[in-house]
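These protein sequence lines map, in sequence, to chains A and B. Using this note's numbering, count along the first sequence one by one with no gaps and you end on 125. Using this note's numbering, count along the second sequence one by one with no gaps and you end on 268.
The hints are simulated quantities; they were obtained by calculation from the structure and are not laboratory data. Quick caveat, the model's predicted, so the values are computed rather than measured. Do not rely on the hints blindly, as some may be mistaken.
[Unchecked claim] Computed list of lysine to any residue pairs in SDA-like fashion (alpha-carbon distance at most 25 Å, straight line):
| id | chain 1 | residue 1 | chain 2 | residue 2 |
| --- | --- | --- | --- | --- |
| 1 | A | Lys77 | B | Arg63 |
| 2 | A | Lys101 | B | Val74 |
| 3 | A | Lys101 | B | Ala28 |
| 4 | B | Lys112 | A | Ile109 |
| 5 | B | Lys121 | A | Ile109 |
| 6 | A | Lys77 | B | Gln56 |
| 7 | A | Lys29 | B | Val74 |
| 8 | A | Lys77 | B | Ala51 |
| 9 | A | Lys101 | B | Glu108 |
| 10 | B | Lys121 | A | Lys77 |
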Amino acid sequence: MKPHLSLTRTLTTLTLATLLAACAGPGPKPNSELQSAESAIKQAEAADARRFEPVLLNEAKNKVADARGLMDKERYKEARRLLEQAEVDAQLAGARSETEKAQQAVAEINSNIENLRKQINSNQQ
Amino acid sequence: MNLTLSIGFAVGLLALVTGCASTPRQNAGIDEARAAYTEIERDPNVARSGAAQLRQAKIELDRAQALLNEGADVNRVEHAAYLAKRHAEIAMQQGKRADLEEEVSSAEERRKQLMLQMKSKEANEARMEAEALRAEMAALKAEKTERGMVLTLGDVLFDLNKADLKASGKRTVERLADFMKQYQERRVRIEGYTDSTGSAEYNQGLSERRAKSVQSELLDQGISGNRIEVEGYGEAYPAATNDTSAGRQQNRRVEIVISDESGIINAR
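For reference, chain A alone in the conformation it holds in the complex:
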């Protein structure tokens, strides 16, 4: 009876130790980071980043793909870093696209105004 008990104790201790080691190693799975990065990419695409910032957008996508690979190997810490970078990359791609669109809107309305002005001036003659 006594050796059996000691075996159970040993096993429990071992399991606990393994668990602890696991936790200390790769850390928790970066699921929420993955979600954030992917939604940032979607938002960037909605802002026409594919057209205005394709390089930066692809960088973000590649980082997510690499992060998925790392997660499969349980290298969560590295994966998290990549995902955090992918998120800000995508956000920047989206922000630059929005700026570019606003720039175009300004140019369009200004040329519109210029035309109107020309018409008014030519009518005056």
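For chain A, the structure is supplied; the task is to place chain B on it using the hints.
The following block gives chain B in isolation, referenced to the frame of chain A:
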């Protein structure tokens, strides 16, 4: 001698150590991030529209510096610096975009004003054009009738019983030609009429000759033939009684009917 050397060595070492400690640790990634952050830190557009990202940039920047100072793994330092730089860049874009959007909305206001200005200008021009036409018609002494504007060349503008236009008649036709040059879409119908004195045949002939005489004067003035119709009516359609000499004089006339702006003339 040996002692002096040892002391000198110790002093040198101390100086080196102190020097290292007083120099803040440096990292190129952090420097870049700080530069990006400093550039927009005081930008009012960023303050208005990129505040959250700006704050995020500051947090990551401070974190990167703290990690560097405590001698953390360089990957951790550079990761934090990377995030700081990106957040600063995003904040800058948000500020720019807000500025541009403000520009668009103020330009839209300006455009609205210009369009109003143009509309009133157009209305004004249309009004002035109509006014000019009315004045021209009045100068020609054209009268408004149910057939349109009608210019009457009285008997006095022709030689008696002849078709030739007198100088005063020619001047009137000249004015008509000027009018037709200005209003290219207008056409005319020249109609000759006589009183009932003499044979109907003669009167028919005279009315046609007088109408044609006006036509040839218009052609001489450079008006194209397809803008002119000619008709002689002889004694028909008297304007007044043929029983008095004043009435007969009124009946001897050439009427010029001016078309509407689409060139249409109502024939009798």
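Hints breached by this structure | Of the numbered hints given earlier, those the structure breaks are 2, 3, 8, 10, listed in rising order.
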